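Asker: For the protein sequence lines, the chains are A and B, in the order given. Sequential numbering from 69 applies to the first sequence in this note's numbering. Sequential numbering from 5 applies to the second sequence in this note's numbering.
In case anyone wonders, no lab produced these hints; they're calculated from the structure. Treat the numbers as computed from the prediction; the structure is a model and nothing was measured. Heads up, the beta-carbon is just placed ideally off N, CA and C, and yes, glycines get one too. Worth double-checking, as some hints may not be accurate.
[Claimed, not checked] Only some residues are given here: those of chain A computed to face chain B with a beta carbon under 10 Å:
id : residue
1  : G135
2  : I159
3  : D167
4  : G183
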Amino acid sequence: MQTCSFNHRVLHDDVFLIDPGKTLDNGNAHEMVQALTNAQTDGFRFVILDLAALEFLSSAGVGSLLGSVDLFREQGGDLILCNVPAPIMHILTVLDLGDFFTIRSNEHEAAVTCGRS
Amino acid sequence: MTQPVGHETRSLNDSRSIIGLREKSVLALDALATLTSQFADNRTLSGLVETLVYTVAGQFSVANAFVAVKNPDQRFGPAIIFGTGKFTGNQDLAQLDGAITAEAVLQSRLWPIQVESLHDDPTTRPLAAVWQAGGVHLVAPLFSGDNLIGIMGLGNKVGGRSFTESDLDLAGAFVKTITPLVANAFIFAEISYLNAWYLDILNNVKQAVLVIDENGVIRTINAVGREMLEGISPAAVGGVSLVGVSIRRVFVEDVFPGWLKPLSRDGAWGLASRTENLIAHVDGSERIFSVTIGTVPGSTTGRIDTIVTLHDVTAQKDVEQRLFDLERYAEKGMVASSIAHELNNFLGVILGGLELMQAYVERGNVSILPDTLEKLKANVDKMTRFTAGLMDYSRLEAKKQKGNLNAVLTDVMSFIAVQKRFTRIDVQTGIDPDLPDMEMDGDQLSQLLINLLNNAADAIAETGRRDGRITIITRHDDAQVMISIADNGVGIAPEVEERLFKEHLTTKKTGHGYGLVTCSKIVANHQGTVDIESAPGEGTAFVFHFPRQA
Chain A
69 MQTCSFNHRV
79 LHDDVFLIDP
89 GKTLDNGNAH
99 EMVQALTNAQ
109 TDGFRFVILD
119 LAALEFLSSA
129 GVGSLLGSVD
139 LFREQGGDLI
149 LCNVPAPIMH
159 ILTVLDLGDF
169 FTIRSNEHEA
179 AVTCGRS
Chain B
5 MTQPVGHETR
15 SLNDSRSIIG
25 LREKSVLALD
35 ALATLTSQFA
45 DNRTLSGLVE
55 TLVYTVAGQF
65 SVANAFVAVK
75 NPDQRFGPAI
85 IFGTGKFTGN
95 QDLAQLDGAI
105 TAEAVLQSRL
115 WPIQVESLHD
125 DPTTRPLAAV
135 WQAGGVHLVA
145 PLFSGDNLIG
155 IMGLGNKVGG
165 RSFTESDLDL
175 AGAFVKTITP
185 LVANAFIFAE
195 ISYLNAWYLD
205 ILNNVKQAVL
215 VIDENGVIRT
225 INAVGREMLE
235 GISPAAVGGV
245 SLVGVSIRRV
255 FVEDVFPGWL
265 KPLSRDGAWG
275 LASRTENLIA
285 HVDGSERIFS
295 VTIGTVPGST
305 TGRIDTIVTL
315 HDVTAQKDVE
325 QRLFDLERYA
335 EKGMVASSIA
345 HELNNFLGVI
355 LGGLELMQAY
365 VERGNVSILP
375 DTLEKLKANV
385 DKMTRFTAGL
395 MDYSRLEAKK
405 QKGNLNAVLT
415 DVMSFIAVQK
425 RFTRIDVQTG
435 IDPDLPDMEM
445 DGDQLSQLLI
455 NLLNNAADAI
465 AETGRRDGRI
475 TIITRHDDAQ
485 VMISIADNGV
495 GIAPEVEERL
505 FKEHLTTKKT
515 GHGYGLVTCS
525 KIVANHQGTV
535 DIESAPGEGT
545 AFVFHFPRQA
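Using the sequences and the hints given, assemble the complete structure.
Answerer: In structure tokens, the structure reads:
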């Protein structure tokens, strides 16, 4: 498995969980893109982003996620957000992305969406 | 500057939409502020372009976006292109060559531009076809002034939504704001590249190179210069950079005696460069540096800098000295052989005369003895004159006293004025009226000048020219007295020039090569140095430097 600079776990054979920490912005957007690309290359169809600790999400941070979503979905998988704090959810809503991302309230529900529980 | 392309237009009466629009604008402002801040911290063009793509994608809710920034030439390689989503690695979308061809058309359009509208113009049609096939919905050219420096392309908004008029307004403002950032990053990259390029060139020069500003502060020094000064100059220890350090701290007097004056601008001779040998005292021994000092007029910087190259010629001088010593020993052998030959001739005559006298005495024929004795005495006189001439030739010790080189030159000029070989040559002198006295052996310096003037006349005669000219100039500075002798004779080939003064070398049919060796001894007797500049067919210039206090 390729390296991932964020905290991460393998939940199942094809489900990978990433915790981006407190910030996702210009400073680590390229690392997020790399992490998602590596997960796909390693055969994970689903990636769950646990945003529980996320305090700041910039436009670049959002952009780093958008490019991967279709690629996961074309493989029958998805990029799922869970534990989304209210301020982060507000940003996604402002950008009209509230219904684009698959968003679940917690890790368990996200895993269920992936067909795992 | 925008045009509506969306099918969904928000109602201004929809207060939720207005609040959303304001918040989106705030997000955009925040994104732009972050980009600006990032550029201030890290001015790499590729890093800026990458972040720009993510920011644009997030700000306009597109999964696929690219930014391509052109290079004005191939020094940086191909254009810097970055894409996200399906545009990742799709170089076809960033056809900057095509965009540059259509630059005038793109300039005339409102930004951002709907790709399908570019089909109207034959100049942009091929480009539009590639973009449309790749799923590019909007493009925004990045114009810095009238120059196209890049292209930003966006795919459709996620979820199948269309771009709204407010999206386009925001995109237009976004592009206008980021373009100067990209242009600045590009300029910074170009400056960094040129700086690195010049440093590479400087660092690959085999000689030390320093650039000194008008205040005597080192502005640039190459790797050889740092290595050369490391451990010699008290300011160059521990690998510290000497950039920004005053030459007064670097070329301290006890290590580099007399260096500051020629290196500082007030010691420069106008804009012409000059070369001289300067001595440094290193660990109790002397090292000789060939120092070339010139000026950088600074038409771009608005200041006049001094450029200095240093070449450690100590080893070369040692070799030259050893060669000279060897030549001197060889010369002694050759001279001894000649002397033996000449003396044998005289002795043979004298021996023959003595034998003749012995025969006369045995035969009682003494009346003829006085004539024979006269002949023997004449031969002894010849021997005396011969040995006296030898002593003149081989006299190495200078008998120095305070004198003026101008006076020597004046004497020599009166001597050569009556000689036939100079009658067709225009001999010009430039006398320094303030030339100071120096410690000298006037006879030896006369011999030096006569020898070189004879050589110059011969060199001019070889050309057969009628406009032969010899120019003799004296000048001085704080430390030395100089005299230059330049002619427009046949000149000296470079390979010969290198060996001049070191060997009994002559290019004359009747020359013996002792002349310049003698000159070399005279110069050495005065602790002087000589620089030679010569071009075959154009002439030769000798410049002699003598210390005022030898």
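Asker: Taking the hints in turn, state whether each one holds.
Answerer: Hints, one by one, checked against the model:
With a cut of 10 Å, the hint placing G135/A at the interface with chain B holds, because the nearest CB-to-CB distance is about 3 Å. Taking 10 Å as the C-beta cut-off, the interface hint given for I159/A holds, the closest approach to chain B being about 7 Å. Contact between D167/A and chain B, as hinted, is supported at the beta carbon level, the nearest pair being about 7 Å apart and thus within 10 Å. A hinted interface residue such as G183/A counts as satisfied when its beta carbon comes closer than 10 Å to some beta carbon of chain B; here the least separation is about 23 Å, so the hint is violated.
Checked against the numbered hints given earlier, this structure breaks only hint 4.
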